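Chain by chain, the residues:
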Amino acid sequence: MMLGRIEGFGGVVRGRAEVPPSRLALWWRRWGVNAAYYGLCTVLLLMFLFPIVWSLLTSFETAREASASPPAYWPSRFSIENYRNLANYGEGIGRYVWNSGSVALLTVIGTLVLATLGGYGFSRFRFPGRNALFMLILATLMIPFQSILNPLFILLRLLHLQDTHLGLALVYTTFQLPFAVFMMRNAFDAVPIEIEEAAVLDGCSPAGTLLRVMLPLVGPGLATVGLFAFFGSWNELLAALILVSDSRAYTLPVMLLNAQSGQLGAVNWGLMQAGIVLTIVPCAALFLLLQRYYISGLVAGAVKA
Amino acid sequence: MVTTLFGYTIPRSWAAYLFILPCLAVTTLFFLVPLGMTAWMSLNEWPLLGHPSFAGLRNYLALFVDASFWGSLLFTVKYTLVVTPAIFLFAFALALLVQRGARFVGIFRTAYFLPVVIGMTSASLLWTWLFNDQVGIFSALLMDLGLVDEPVQWLGETNSALASIVTMVLWKAAGFTMVILLVGMQAIPVDLYEAAALDGAGWLRQIRSITIPLMRRTFALALTMSFIGSFLAFEQFFVMTRGGPFNSTITIVHWIYRASFTYFKLGYGAAMSMVLLLILLVLSGLQLWLLRDDKE
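One line per chain: the protein sequences are P and Z, in this order. Under the working numbering, the final residue of the first sequence carries the number 298; numbering is consecutive throughout. Under the working numbering, the final residue of the second sequence carries the number 290; numbering is consecutive throughout.
Just chain Z, with the same shape it has in the complex (with noise of 0.2 Å):
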């Protein structure tokens, strides 16, 4: 089969390459390339400025008894148990909410959905001037209410460093959670309810024996989603902690970026990169594996 391109007669496969050409290209120079490069780069001493020198595998045992890379791991294991949940039942809890055909309810969704799209570093940052012990508007109104006596360093200690960060990405990312699971709910037959209410079944036994088993795909989405994008979290405790108070808030994006070019030492990032991808892949595919088509 033939076809003609700006008036010359090629083979109709051939088109078809020169249309994924420019996509392919650019996928193999910005992406496949620097997937090459981390690996090598990974096992050499590679300063920010001058001459890289092959280092074997030095970069890996370096870091394996480096025990800020296995704190910082450490750190974003524990944040991303902590807010995944709490993501979760907060926007199934949403989800439940503005999930009937109520009037107004799209102004509702609309409000809640709409941190998600501002960006994370604008959210931080507006965060942290919530959060500041001297202007911020919660110590002030915990002040004025007489609940405490000092201004709160909400951000100066490890804890509530934690949870004041969980507080802003719950208000950041729970409205993208609820869409998800909003779409699964919407794909329980309406037939199924009515059927059980007719059977007697309230509210909390419908939820309890079709909305929840019926989820339970759209819940490992939603779960695993989340679960990844918490692991790379970087914005929010670059801006709102900085990695302190005494370099107990870093996450592993963070360390990457701090040993590359606060160190300058970019093969030990790259090292660090690897074992980052590495997880991340087994994430990936732990996804995937969950979401399986069980019909096939």
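Isolated chain P, as found in the complex (with noise of 0.2 Å):
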């Protein structure tokens, strides 16, 4: 059942009903209603920028300025002492942007690759227990994977995966396979049969016809898919907290975590604005670029319940 749907965010939507009154009074009413709409508009978007942009410009200030009390608001000048300070923190920041970053790639790896295999399967061959799978696959978004966590402890310790990029990855993979296996699969039923039998025909395997003529046609999916899998895994703490005890295999929100608590009460403020500006750019960046991909996603979430 399809509810309707947004076209990305810029896209134009049909508009409302008008009473149809004399053109002058039209002109005029929709003069003033139209400057009260952009202003408040306009207040709530200073308003939902303000904490983010605030935070940017903090992170240029030099460090005494930034953790000054009562604090400047504006910078005296610009500095990068921050990011420098933030660089040199603990191991290093390159160290815990790389255990991020590659935990972040390989979920999105792995979710990809699994949820295009289990998407297709269910999409295309009738089996027994077909229904029954894809439920159980599907079930599991009604359990929270914050009450499992324990025994995912005790499991990764006994597989060595313990501190690993690895671990971590694959259980932030399964947090994501039922939505991701469930978006698969609406994608490869979009996808008309006859275009795979023209394949069959020509001799391609199963596997052949998924990589070579399937997958280019399901791309929107699997941005999709991919964009939650990192902003998931990028942004994760619960689990990364628990998992992971090697401080030098902390990711980024752990390690953001622990300069907060400060070394004997003093809190370096502007190495945090730092910090928290460079873990959020990268996907405030996604999303800007991609986001249609990642509406299209929330919208078939809402259109399925």
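None of these hints come from the bench; they were simulated from the model. Please read these numbers as outputs of a predicted model, since none were measured by experiment. For every residue, glycine included, the Cβ atom is placed at its ideal position computed from N, Cα and C. There may be inaccurate statements among the hints.
Stated by the list, open to error - Quick list of simulated restraints, FRET-style, between CB atoms: (1) Z:97 to P:43: 20 to 26 Å; (2) P:27 to Z:192: 21 to 27 Å; (3) Z:43 to P:90: 27 to 33 Å; (4) P:241 to Z:201: 53 to 59 Å.
Take the two lone chains and join them into the complex the hints point to.
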């Protein structure tokens, strides 16, 4: 069932009904209403962006100014001191970016591969237990991952995956799978069967058909699934806190949390802002570039329900 | 029906199982097995290091008389009941605002949604700083405006800490609910509004008589999603108040984490996880029931 769609955020939506009075009155009314409308929207926009912009500005203050009390309203001079301090924090910021980056990348790859295979299997084949197995994967959505973290801790220790990028990525991939398989199955369902039959007639094996014919056609679905996997793993705190105990293997959120705890009660606020900006930038950039895929994922989730 | 895979001829249904096998294997190993283990661990005395010993229902009995557990459960319910309607009303207003096909509306939608993607931990760290009494902007602004005489300890008192965190979550999560509501809002046929306008119905009347009644399902979805999400709240409290002052802002997930990995009682944590799981299953069941297809 389709409830309607949003074509990316930039898309213009059909206008709502208007009463048709005289042209002049309409012009005046619209002008006043529009001024109020855009005024309100802009105030809200500033409120939503303010915390991010404020943090960004502060991150470019000097370390002393960023920790000043009361805070300065405007940086007195531009400085990258906070970013220098961040670069040398702990094991060096490169280490934590590498940890978070490789966990996120492994999660994205793992989710894409598993969900593509699974989604294709569920979409294109009839076999005993098909519906039951699909429901089983979807049902995992009803159980919060927060309630199975204790055994996951034991399990990763048993498998010698504690403190490894792969271990954390496997856990994140598992959390992503229900949504991802659902998305990919829908994406494959939307490809006309004739295209595949033509490929089979030409002598393509199932694996070959999937790889060479189908995969290019489900690109948008892959983008959606990949984005959700990235945001989910890059920003995750609780599982990373539990499953990683070696401080050299900390991901960015865990490292930032430790920095916020402060050394002997003194928090380096400038360094914190630099770290927060560094964590936010990849997410914001990916979202701004690929938002239509992210939103279509949300819409699919909303329509499914 | 047969097919070929890497040069071998096999029945087509075998190929299907091969495709879904990796996905099932990972789900089994990292989801179903841990799920069973949670149930088993909850019946054991399970220290972080050293050997577990069978304890029967002792963890559950201890949990039943544990004031901290009930306190955290109560606080989680309180937080959920405050934050869910707050997000919903704010997001509904936002959705009404950005649903029209006006110029630049895409920019506003994007800006309102942006905080959703930046991660709960970064958002919490950011707002801890904004709310800080010494270096935070909110306290400084109030002092400079002459409204208060000394720095405000936003996060130092239970109710103001809750209000501060709800404010942060509104900023962080309203965009998500806004999109869900927009989807439902735009599924309403335009002719309904046109007919109502012809009959002389004003903007408010149209919302009351068309938008709201036709969006019941979407409302149910948005409300249950944020209800379930709020029930699992962790980062915002763990980062912003650390459960304080005097353990008055500990959520259930936070308490499970603390019992398991600060006090090293994994079995006890697992018993609480089972209770959480049960609550969430009931909530999800309720969600499915509310969203059931009336046609069937």
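Going through the numbered hints above, which ones does this structure break? Give me the numbers in ascending order. When the structure is compared with the hints, none of them turns out to be violated.
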